[in-house]
Amino acid sequence: MRHVLSVIVENRPGVLTRVAGLFSRRGFNIDSIAVGEIEDKDLSRMTILVEGDEKVIEQVIKQLNKLIDVVKISNLTNESTVNRELVLIKVKAEPSMRAELQQLVETFRAKIVDVSLDSIIVEVTGDEEKIKAFELLLKHFGIQELVRTGKIAMMRGVKFIKMNGEGGKSG
Amino acid sequence: MKIKGAMMVVEALKRENVDVVFGYPGGAVLPLYDALYDADITHIMPRHEQGGIHAADGYSRATGKAGVCIATSGPGATNLVTGIANAYMDSVPIVALTGQVPANLIGTDAFQEADITGITLPITKHNYLVKETRDIPQILKEAFYVATTGRPGPVLVDIPRDVLAQEADFKYPEKVDLRSYKPTYTGHGGQINRAVRVIKEAKRPVICAGGGVVSSGAQEELIKLAEIGQIPVTNTLMGLGSFPGGHPLFLGMLGMHGTVYANYAVTEADLIIAIGMRFDDRVTGRVDSFAPHAKIIHIDIDPAEIGKNVEVDVPIVGDVRRVLEQMLKKLKKGETEEWVEQIGRWKKEYPLTYSFSQEELKPQHIIQEICKITDGEAIITTDVGQHQMWTAQYFKFKRSRSLISSGGLGTMGYGFPAAIGAQVGCPQEKVFCIAGDGSIQMNSQEIATAVCNKLPIKVAIINNQFLGMVRQWQELFFQRRYSSTCLEGSPDFVKLAEAYGAAGIRVTKPQEVVPALEKAMEINDRPVFIDFQVVPEENVFPMVPPASPINKILGGGTK
Ligand SMILES: Cc1ncc(C[n+]2csc(CCOP(=O)(O)OP(=O)(O)O)c2C)c(N)n1
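From first to last, the protein sequence lines stand for chains A and B.
Using the working numbering, you'd call the opening residue of the first sequence number 1 and step up by one each time.
Using the working numbering, you'd call the opening residue of the second sequence number 1 and step up by one each time.
No lab work stands behind these hints, which were simulated from the structure alone.
Honestly, I wouldn't trust all of these hints.
No more than 30 Å apart at the CA atoms, straight line, and that leaves these computed lysine-lysine pairs for BS3-like [claimed, not checked]:
| hint | chain 1 | residue 1 | chain 2 | residue 2 |
| --- | --- | --- | --- | --- |
| 1 | B | K175 | A | K66 |
| 2 | B | K171 | A | K66 |
| 3 | A | K41 | B | K495 |
| 4 | B | K495 | B | K509 |
Using the sequences plus the hints, can you model the full thing?
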């Protein structure tokens, strides 16, 4: 099963290596990882998608907790969350195909962000399902290049990740 | 007042009550060595950085204080790697200081540059690359704090040469507060109550005590727990010494080379109380047949150890000593006579034995004589191999910190430098290193260190002319095809010792053992090497073959 972990870390050089290194060393598989600063500029938040059963995830969380630079870990897998990923896709676009492409882009509320003679770049944001569907459709036109940010997630409603609250580090 | 980075390091060491460091100089640490030149800190120079860090490790295990070692950049730093991994596996608090090339040259493949923080990432509890001289006090304070608290471990601090040479204001922090590091020391009240209840209900309980008992100083609490609850105790290799070897409730070591009765007891138990141990594969054997009838209470300071290898019924995260104190307040006298009697019958039926001989020298006999002549009071370090297991089996340890051995990493060459550290830390104690003829050659250059510092370490080389433990596996599992395990070309160890100015004694017959030991005990101004030329093909039994259930035992009865 795939899990979504939100890992708040000290914003220090090498912290990404520490986290990524731990995954490879202990034989855990990262599906995707997205990193960026948060509201407190001393901290970064990593959203990590990791494959494994409950036992594996428990070990992942405990081992991550042992890293001195890791401040807090939340398992968002079973939370109600907003999930987003941003993808840029360069598609072949002969002039004759553009109208059809345009329509597709609108349906998916994507955006055309660059146009050249025979290709365009499309930007799309959304959850996994939407992006998968969009990618599948664009394949018919011919995808030349694709780049994604990795998924980010945030809990819905009043809940938020408190820095000193439950789920804080111990041990 | 502004002082140089190197002076800051010396000042920080003083504030951390460090009075001995083990270090080896070089270009990148020249400023630090200049500051050490007239500092009030004893500096011990090994003959190889690996010797230095193993000595710091032995010092730490013998004294309970953090061990400190220094190496220069590049090859100096990489020579520490085995020692760091060794300390990491056995949770030994070490602060390793390494020099680095000047900050502006980092990343350019400069002369003697190695990315030591990168290299040691997976084998340190934490590590630091210091970027600014003014950061030195804060980082060293943190380094000592992280190394010695929670589950202890090695911390490396890499300092570029120019950072050591430049000046900045020195203010040493009073305390450390890391929002991302808050070890749990006190056990959860509800879990303590559950544990006490489960102990009360148990008919066949066994305590498995590991290195955590030693590092938290919980020997007395462990004895009380065992005596009040009438619960037999077995030790992991790392735990040996935490429970008196002569105690009627003691079962000796468990696991691959454990006693038959310890392994039977664990297999038949209805409750395992695992204290400061981590269910290593050498302890559990095939993990799905480990303690099949037992509930498990697991007490450990590291939450990640709980549930890692075996499923646990009552997890308790906390400092072993504090948790045991909490439990002892509620524990009632246990009634386990039948169980203790049953184990007593196993002890009689399957004792630890070997066939003593009047003609040939047996390694087990030597260990027993060393135990006798020191009254079990010496600090014993070992290398890795058969001699290590015989020591674990036949030496009756009386107190914590009296066995110093490389458990998790199994590092040959550890024993002798560790003995140097132990003797430096405990000058009043008798220190014995029980070594293999293979292992001793991995760090024999340190004889010079021991001679220079007049350390009266007794080194008992169990010389079987083989890489014995590997040979044993080849004998048992590879049809005696002794591929590269015969140690041809070893030096004459007596002459080797004498060449360095140490004493050397040779023993070839059982009758010579005691006189040789007596003679060694009288030498107090230099190391003594005793070359015990033992039978070449003695095996360590009992033995649980790898990945077998621990009650399927070679050379000791199979249930
Ligand atoms: C650095 C290192 N290299 C290799 C090994 C593998 N190994 C384990 S025991 C052993 C033999 C040790 O021989 P010796 O020191 O003579 O001790 P004995 O087993 O004969 O008592 C070897 C090679 C090891 N543990 N450490």
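Q) Which of the stated hints cannot be reconciled with the structure, identified by number in ascending sequence? A) Violated: hint 3 alone.
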